[in-house]
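Chemist: Next come the chains, spelled out residue by residue.
There are 2 protein chains.
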Amino acid sequence: MARERQTDLAVLGALSIAPMSGYAVREGIREVLGQFWSESFGQIYPTLARLEAGGHVVRRSEGRGSVFALTEAGRAHLRDLLGRPETPAPPRNGLMLRLFFGHELGPTACRVLVEEHRASAVQALAGLEVARAEVEAERPSDHQAYALLTVSAGEHGARAILAWADEALAVLDQLPASS
Amino acid sequence: MARERQTDLAVLGALSIAPMSGYAVREGIREVLGQFWSESFGQIYPTLARLEAGGHVVRRSEGRGSVFALTEAGRAHLRDLLGRPETPAPPRNGLMLRLFFGHELGPTACRVLVEEHRASAVQALAGLEVARAEVEAERPSDHQAYALLTVSAGEHGARAILAWADEALAVLDQLPASS
DNA sequence: GGAGTCATGTAAGTTGTTACATGATTCT
DNA sequence: AGAATCATGTAACAACTTACATGACTCC
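Protein chains in written order, with our numbering: chain C, 5 to 183; chain R, 5 to 183.
In case anyone wonders, no lab produced these hints; they're calculated from the structure.
You may find that some hints are simply not true.
Partial list, derived from the structure: chain C residues whose beta carbon lies under 10 angstroms from chain R [as the list claims (entries may be wrong)]:
{"id": "1", "residue": "V36"}
{"id": "2", "residue": "L82"}
{"id": "3", "residue": "A141"}
{"id": "4", "residue": "S145"}
{"id": "5", "residue": "H147"}
{"id": "6", "residue": "A162"}
{"id": "7", "residue": "L179"}
These numbers were taken from a predicted model, which means no experiment stands behind them.
All C-beta atoms, glycine included, are put in the ideal place defined by N, C-alpha and C.
Whenever a hint applies, use it, and build me the whole structure from the sequences.
Modeler: Laid out in structure tokens, this is it:
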């Protein structure tokens, strides 16, 4: 990809909330940022090892596995990474690509595509409702405010998808069945 | 990435609109789907060569370069690819990742991030206005309807970003300057 | 004649996914 | 006892980006 190593940022960020195991890093990201981010184990463990070697995190044996904690150098590294200008990945939206060539696919199949997308937005909205409740239950803090900002972004995005999908379904109904 | 080869779909789709050069494939995608898709030359030319070898496109020498046209087999392949279930790429939204750890970055830097994002949405909206006018100027067809659907998706998305960004900026104003 | 655009490709590098492999706890 | 979850890693692989290299044509 020849793109910036963004996993460092995600892992360091997760550990900035609290020390945890590699497994917990993944679960934490999944639960709270699932809408916007994902990490695989195949990426997390090597990253953790690299960060440990670089003195950015320390490993402490505990229970069945290990708990990783941010060092001062690690926190500095996190701040440095956060401050670097974002290099957004080139867009790749499979749904839009398919829909744009919808005349080859036909309205019926396109309807299915849009309905699936709509359904996943509904599901996302339900997940965000839970996430919002969880975050709001935390004791007030700066981090809470930032977390709510991302939840809100998810909500705005999901509602936009709903509105668009309903509009799109209405348009598709007007289209003839043959391509 | 170990993910599906989506470039075939994009290239075949572009050629389904009209025969064109590899260069024009990239420019076409850029202009009309730039919001949602991108292809690099390093990906387009090898793909074109592969599709030619597979009998999905034919190359005709013309002017300074070549013009590639879809064969019947190519059109069938395109329909096949379009019909396959979409395997959405894992989400990776750098802005949300950064914002979620905003307490480490501080409100001022976060403001910049959000403002940049807002500005790019404004720019996207302007681009979409042009795209909409261009598509609406075409003679009415199924393809036109589908193209308008994707333009509309862009508009809904961009407006959602604007609404969220304004909300987020108001929240950030309330936050203390220290992290 | 120089700049910009049109045009086609190759090579290197890396991020990140998927699949495999293994085992300890905990719950039912 | 078996299933699910917690936990840690490795290896193979590929999709894709970036940078490099080259050249024709057109416009000023």
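Chemist: Taking the hints in turn, state whether each one holds.
Modeler: Cross-check of the supplied hints:
1. The beta carbon of V36 of chain C comes within 8 angstroms of a beta carbon in chain R, closer than 10 angstroms, and the hint placing it at the interface holds.
2. Proximity of L82 of chain C to chain R holds as hinted, the smallest CB-CB distance being about 6 angstroms (cut-off 10 angstroms).
3. Interface hint at A141 of chain C: violated, since its Cβ lies 17 angstroms from the closest Cβ of chain R, which is beyond the 10 angstroms cut-off.
4. Interface restraint check for S145 of chain C: the shortest CB-CB distance to chain R comes to about 8 angstroms, inside 10 angstroms, so the restraint holds.
5. Annotation: interface hint on H147 of chain C holds; nearest CB of chain R at approximately 5 angstroms, less than 10 angstroms.
6. Proximity of A162 of chain C to chain R holds as hinted, the smallest CB-CB distance being about 9 angstroms (cut-off 10 angstroms).
7. Interface restraint check for L179 of chain C: the shortest CB-CB distance to chain R comes to about 6 angstroms, inside 10 angstroms, so the restraint holds.
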